[in-house]
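Visitor: The lines below spell out each chain.
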Amino acid sequence: MSDSDGASAASAVALAGAKGGRTAGARVALIGPPNSGKTTLFNRLTGLRQKVANFPGVTVERHTGVALLADGREVPIIDLPGLYGLSPRSEDEQIAYDVLTGRRGDTGKPRAILLVLDSTNLARHLMLAAPILALGIPTLVILNMADDLRNRGGRLDLKALSSELGAPVALVSARQGEGIDQVFEYLAGQMPKPAPVELPILQDVPKCREWAGRVGCEARYRAPAPPKWTRRLDAVFLHPVVGVLVFLAVVVGVFQTIFSVADPAKDGVDWLIHLSSNWVASILPDSLVRSLLLDGVWNGVGSVVVFLPQVLLLFLFIGILEDSGYLARAALIADRTMAKVGLQGKSFIPLLSAYACAVPAIMATRTIENKRDRMATILIAPFMTCSARLPVYTLIIAAFIPNRPVLGSFLGARALAMLALYVLGFLAAVLTARVLKSSILKSGRAPFLLEMPSYRWPTLQSLGLRLLDRSAVFLRRAGTVILLVMVILWVMAHLPLIHGHAPGIDRSLAGTLGRTIEPAIKPLGLNWKVGIGLITSLAARETIVATLGSIYGMDPESNQLGLERALEHDLSFGGALALLVFFAFAMQCISTIAVVRRETGGWKWPVLQFTYMGVLAYVGAFVAFHLIR
Amino acid sequence: MLQLTGNKKLPMATLVDLARGDAGTLEEINLPGEEARRLMELGFLPGMRITAGWSAPGGDPRVFQVDGSEVALRRETARHLRVRLDPPKRSL
Chain D
1 MSDSDGASAA
11 SAVALAGAKG
21 GRTAGARVAL
31 IGPPNSGKTT
41 LFNRLTGLRQ
51 KVANFPGVTV
61 ERHTGVALLA
71 DGREVPIIDL
81 PGLYGLSPRS
91 EDEQIAYDVL
101 TGRRGDTGKP
111 RAILLVLDST
121 NLARHLMLAA
131 PILALGIPTL
141 VILNMADDLR
151 NRGGRLDLKA
161 LSSELGAPVA
171 LVSARQGEGI
181 DQVFEYLAGQ
191 MPKPAPVELP
201 ILQDVPKCRE
211 WAGRVGCEAR
221 YRAPAPPKWT
231 RRLDAVFLHP
241 VVGVLVFLAV
251 VVGVFQTIFS
261 VADPAKDGVD
271 WLIHLSSNWV
281 ASILPDSLVR
291 SLLLDGVWNG
301 VGSVVVFLPQ
311 VLLLFLFIGI
321 LEDSGYLARA
331 ALIADRTMAK
341 VGLQGKSFIP
351 LLSAYACAVP
361 AIMATRTIEN
371 KRDRMATILI
381 APFMTCSARL
391 PVYTLIIAAF
401 IPNRPVLGSF
411 LGARALAMLA
421 LYVLGFLAAV
431 LTARVLKSSI
441 LKSGRAPFLL
451 EMPSYRWPTL
461 QSLGLRLLDR
471 SAVFLRRAGT
481 VILLVMVILW
491 VMAHLPLIHG
501 HAPGIDRSLA
511 GTLGRTIEPA
521 IKPLGLNWKV
531 GIGLITSLAA
541 RETIVATLGS
551 IYGMDPESNQ
561 LGLERALEHD
571 LSFGGALALL
581 VFFAFAMQCI
591 STIAVVRRET
601 GGWKWPVLQF
611 TYMGVLAYVG
621 AFVAFHLIR
Chain X
1 MLQLTGNKKL
11 PMATLVDLAR
21 GDAGTLEEIN
31 LPGEEARRLM
41 ELGFLPGMRI
51 TAGWSAPGGD
61 PRVFQVDGSE
71 VALRRETARH
81 LRVRLDPPKR
91 SL
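Protein sequences, first through last, are from chains D and X. Residue 1 is where the first sequence starts when you use this note's numbering, and the numbers rise one by one after that. Residue 1 is where the second sequence starts when you use this note's numbering, and the numbers rise one by one after that.
Okay, chain X solo, but in the shape it has when bound:
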């Protein structure tokens, strides 16, 4: 698959792939309009940097730091938020 976003040579993932302390930039929200709007009002806007924080035992739901606030999302929601991961530190 050759998509525009694939050309940037950075790994594509969803929020679920972020472990605590990992960060990435939100690319898109694959959810119906209403749910996406709610997420956006809470700060999940494309282009925003998101850092994964602590979670409930078992890793679900997880708290994400975004745009100055901390918002908890369940895994089932987080997997619809596509992010571009920060390049791994060792490759810098």
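Bound-form chain D, shown alone:
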């Protein structure tokens, strides 16, 4: 960018960095109330040029990205947590407040603000505009959901609104991409600015609302008709009988699909891995390197990678449920259950995200203001069936449970077994919460407030970005933690050298380790090979799949069978069940332990949690083995 662009670009230089230049810190803050479509707009503006990290010192997620202007300049954008007002209460809101007021040294005061409001509910959302505009930072007021507003017969005078607010206004639909060019124009400094106006300093909410109402009036805002489809769908989804049936059907449907649809995809990935493993075997000479690659990388890491389709399918479902607005209704239906165990509604969202992974779930508990409720939620979150358990469950279920229909073609035996494991984890969480909340973490209840968003079609872009993100996380784990554990395992399986040759797996260092703990796990119906897997799975749960893949591959007795058959050969049915129960309860995840330590500020809670979950896992597995045997 050169100075020759003239005056129109002069103000733009303030927002955009030099062409291709690295930009330090985020300079434009994206802010808005929850459900205003902030994240959709962020995805629109930054696409794949975004990353998620934590604010230093606290674990509130920080989404940053770069918007690429038409002329090649880059504008760094930071997506702040959603908030209703500028009086910070939870950690999330505090962060948003600190960034906007320049109190966080790591980001600096933003050069500009993109304020996203829902145009279909303008009067109420404008309440946030008063305190934001009062900050004195250049602000573009973005009225989102333009398509909804139009379709439902609402309208407003943008010019009048803009001069009322003393800030430029853009009417956009982030979902459809409509009007997004105006946002880019603003970022490029090409949007005319209205004359600034004196805004009243408003401290209390009723005054803010009064002001917002008046501004809306001046802008000749006509509110749209109530969302017809949302009311119609709620009549079904929140119906006392039908609603519950739909809720159950959704849950069962998700599990059935994870098996029936993902299986062919899994076989495909499996076939690719098999093919590439044969290819590696054919081009490399028989050597230690070849053995490491085949046993460690292909048999080990490969056994985990085949579960990528299943994990992605799960995230696709979570994404659809969340983006469509159904999740809020599910939270409503499930709230009574939460209340019975003494947890508040706010715990529900972190617990739901724990179905993906406990680490972000534990971070999400930052939105819970009550410290004791927050602690209880952190302590039970790892019981929720995270996606790392999915490969373990799928492998064992596929090996031991025949694929018989239970409810016609709607529910198969395998899907039912999987569902049972999810319920088992949920029950453990709920009972633990009940115990905690009636003993060491007793507290008064905080109010449950949950806004019900209108139903919307999920966009392909938002779903696609989620899946891409999850694939990256899954494959990164397979390529780092699991790969490292596999290399260590391979070395331990080839030592001590006997006459310059590796010993059999049972007499190796790894085998000795497995045999050392075998007496402890024999009462659970498990043998030393699974024992090695239990040790390696302390790093991350799905490592046991890689470990077994690697060990059975090295064992001449089972190396031709394939992982499922080898496992079926090696374990009794009771043992398999015990293993499933063990994985449902145990806290085998270094990342979770680390995040709990950081969040609770010490080792006391993570040690307590690890011990409690470990004891429960052992006892549960023991009972399962002896009941079934």
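Keep in mind that the hints were calculated from the coordinates and are not lab data. We put the CB at the ideal spot given by N, CA and C, even for glycine. Heads up, some of the hints might be wrong.
[Claimed, not checked] To be clear about the criterion: a stretch of chain X counts as covered by chain D if any three or more of its residues have a C-beta under 8 Å from a C-beta of chain D, and this derived list gives those stretches: (1) 12 to 23; (2) 51 to 57.
[Unchecked claim] Partial pick of chain D residues on the chain X-facing surface, computed with a CB cut under 10 Å: (3) N35; (4) P224; (5) R231; (6) F237; (7) D335.
Keeping the supplied structure of chain D fixed, place chain X upon it in accordance with the hints.
Guide: For chain X alone, kept in the frame of chain D given last:
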């Protein structure tokens, strides 16, 4: 009890008393400052019209339509929000 609000000859109630489809005008929020403020930010401001909507099975929590949005409240919160019920239709 003769209170100012009692003179209007309209029934006083709380949000809990609203069945689906019933509407009323919010009079006051009997909750500590922080909780009241949160409710107000979501649209529960004195003078606002509130309509009861669908609920979870068993009637708790219930969704309320207020100021253009729909917000679910538990019974334990809703009973602290005092409303003036709309006059019953037959008396009109």
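Visitor: So, for every hint listed, does it hold in this structure?
Guide: Against the structure, the hints come out as follows:
With 0 residues carrying a beta carbon less than 8 Å from a beta carbon of chain D, the stretch 12 to 23 of chain X misses the three-residue requirement, and the given coverage is violated. Beta-carbon proximity to chain D at under 8 Å applies to 5 residues in the stretch 51 to 57 of chain X; the threshold of 3 is reached and the given coverage holds. Annotation: interface hint on N35 of chain D holds; nearest CB of chain X at approximately 8 Å, less than 10 Å. Interface hint at P224 of chain D: satisfied, since its Cβ lies 9 Å from the closest Cβ of chain X, which is below the 10 Å cut-off.
This hint holds: R231 of chain D has a C-beta 8 Å from the nearest C-beta of chain X, less than the 10 Å allowed. Interface hint at F237 of chain D: satisfied, since its Cβ lies 8 Å from the closest Cβ of chain X, which is below the 10 Å cut-off. A cut of 10 Å between beta carbons decides the hint on D335 of chain D: the least distance to chain X is about 5 Å, and the hint holds.
The structure shown violates just one earlier hint, number 1.
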